[in-house]
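Here are the chains, one letter per residue:
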Amino acid sequence: MNTPILQAQHLDKFFPGPEPFQVLKDITLSIGKGEFITIIGKSGCGKSSLLYLLSTLDTDYKGNLSINGTRVTGLGERALSRFRNEHIGFVFQFHYLLPEFTVLQNIMIPALRLGKLSREAIEAQAMTKMKEMGIDDIASKPSGKLSGGQQQRVAIARALINNPGIIMADEPTGNLDSINTKIVFDIFHALSRQGNTILAVTHDRDFAAHSDRIIEMVDGRITAKHSQ
Amino acid sequence: MKLPVNFMISGTQLLSRKKQSLIAMLGVMFGIAMFIFMISFMKGVNKFIEDTMLAAIPDIHLYNDIRTDYNHSVAASWLRQDPSKVIVVRHPRPSRIHLNLKDPYRIIADLKATPEVAVVSPLSSTQVFFNYGPVQLNGVLDGVDIYAEDRIFDLGKKMVSGAPEDLLTTDKGILLGQGLADKLNVIKGDLITLASPAGAVMRFRVAGTFSFGMSAVDNIKAYTTLSGVQQLLGKDHDYITDIRVRLRDLTQAKSTAVLLGRKYGYKSEDWETTNPSIKTGNMIRDTLTWVVSITLLTVAGFGIYNIMNMVISSKMKDIAILKAQGFSGKDILQIFLSQSLVIGVLGAIFGLGLGYALSYGMSRVPFPQGEITSLKYFPVVFETRHYLLGAAFGVLTTFVAGVMPARKAGRVDPVAILRS
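Listed in order, the protein sequences are those of chains A and B. Plus 2 on top of the position in the first sequence (first one is 1) and you've got the working numbering. Plus 62 on top of the position in the second sequence (first one is 1) and you've got the working numbering.
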């Protein structure tokens, strides 16, 4: 395995309540650069919780997490926002585009937030990404008026716009019909072949079967790691 | 680049729900417009009342208050041969009262040399009966230096017939209040008979009539020369009962009055003290204006608060996704607060415009013409200060109303939203 891009050590997470419930138990995990990893498990096994935790959105945990050589555990809210913006790309089950904006604007927003490139350069990059996804013809449409499959492709393009170190996906095909599921599969495989690091949570075994490594979770623990 | 992207998001969201934004903006607009309208109108009324009242009132009035000196008693001087005796006189009867000022010309000369003082007008005043045929009216005769009086009260503009100077060119001339002249049914040139309280009678020729626009003055007052009054009363030319002063700066009246009173040893009253109703009326109107304006703006603020709360509730997913993509709580706060502020600033601008239009309209509405009011239109003042204040209030209200929902938005936990 080459240099790890993400390293998690002994992660514990509790849901507070009258009887605190431990949702993640001593998770230790390392992801190498360019790996395509899927996390599978039954609903309620903690796989989504793990993803939110690894993606730095959730900061309420015990243990250590480093991404791209930066220890993100203990960083402040603003530093984490900045970090996510630059290093992590998100794809969700419910694509979550901003409905008032056009497709192009939706894709450009994370890059505008990062502010490393000029608006023109960002627009050019966004157009390239859209071409790769085959959605360049709908660039100026309001994103609220797209089909589910189109929306998910826009969301993927948006996740890629800042060339993140790692792409995190939460059930990216969970809400799609079979044709669009196939399209999204193919895009993820293509991205993987281009050398992107991908961490995806799924309950779709077909999708998982094509990944480099499958992490299976049961009751908050990693039970098996299959290398393929 | 960080600010523009937040503002781009804010602007797009604002435009995507034009109706809501417009309604929130209208709330602020009406609040500010009413504030401007009310304050312009109320200040106009205040100014009108002050102007009319002050036209008949000097800034400072120096006179000899009725104040009998009981230190000297006939009984005391008779009995004080034995210093061991204590003399108590119960319920003494006043002897002589002097209403005039001692050495008035020294005081007048001294006042004229005082830098704060603009005009000094000496007065010799007495109660009189005006007789014309069978008509007999009670009134006040003021003997004045007509030039000084003209400068202090702008008499020339208040003359209905004749001119102030006619007083000097007519033998034993008299200027009558218009109401008084009407009741006596005299016109310029008529001879009338005046009787002093002591019973002296003198004939005067009407040299003109004047109107201050206040019946309290116009129905009882008449002007003649100082020497006219002094003759009627049988006093020498030092007999001066009051000195009226016009100051360069009206606001200095209170403090200057105190100084002058102490300096000359006579009662010295400023216009605020003699006419507390002006100040009280102003204060009540001002308070009313503020209370109504603040209520309106608060209601507008609640409107913004409600709308922004609704917007944020419906945008929870967008907030979560923005946060996931690297927007911090501060960015989110900025996005939503700037929307409130845009609503507030636009509302304030349009509100100022509408307020100006309403005020201008009001200032062109003819005032119902009474017998004595000199008002042609409703009184309205236009002051930049009020507009700046209105704008500041509008923006402040929207800021306060917008900051609470925006902070709530900034604190949204993306995990809680994405998980559901």
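No lab work stands behind these hints: they were computed from the structure. A portion of the hints provided could be inaccurate.
Residues of chain B clear of chain A, computed beta-carbon distances all greater than 10 angstroms [stated by the list, open to error]:
{"no.": "1", "residue": "88"}
{"no.": "2", "residue": "216"}
{"no.": "3", "residue": "218"}
Covered stretches of chain B, going by a simulated chain A footprint (3 or more residues, C-beta under 8 angstroms) [what the hints assert, rightly or not]:
{"no.": "4", "stretch": "67-80"}
{"no.": "5", "stretch": "197-208"}
{"no.": "6", "stretch": "389-398"}
Quick reminder that beta carbons are idealized off the backbone N, C-alpha and C, glycines included.
(request) With 10 angstroms as the threshold, tell me whether residue 216 of chain B passes as away from chain A on beta-carbon distances. (result) Correct as stated: the minimum Cβ-Cβ distance to chain A is 65 angstroms, above 10 angstroms.
(request) Classify the label on residue 88 of chain B as holds or violated, using whether its beta-carbon is more than 10 angstroms from each beta-carbon of chain A. (result) Given that every Cβ of chain A is farther than 10 angstroms from that of residue 88 of chain B, nearest at about 22 angstroms, it holds.
(request) Would you check chain A against the stretch 67-80 of chain B, counting CB to CB pairs closer than 8 angstroms, and say if three or more residues qualify? (result) Answer holds; 7 residues pass the 8 angstroms Cβ test.
(request) Run the C-beta distances from residue 218 of chain B to all of chain A and say if the shortest one exceeds 10 angstroms. (result) The assertion about residue 218 of chain B holds, with a minimum of 69 angstroms to chain A.
(request) Would you check chain A against the stretch 389-398 of chain B, counting CB to CB pairs closer than 8 angstroms, and say if three or more residues qualify? (result) holds (count 5)
(request) Verify the coverage statement for the stretch 197-208 of chain B against chain A, using a C-beta to C-beta distance below 8 angstroms and requiring 3 or more qualifying residues. (result) violated (count 0)
Of the numbered hints listed earlier, the single one contradicted by the structure is hint 5.
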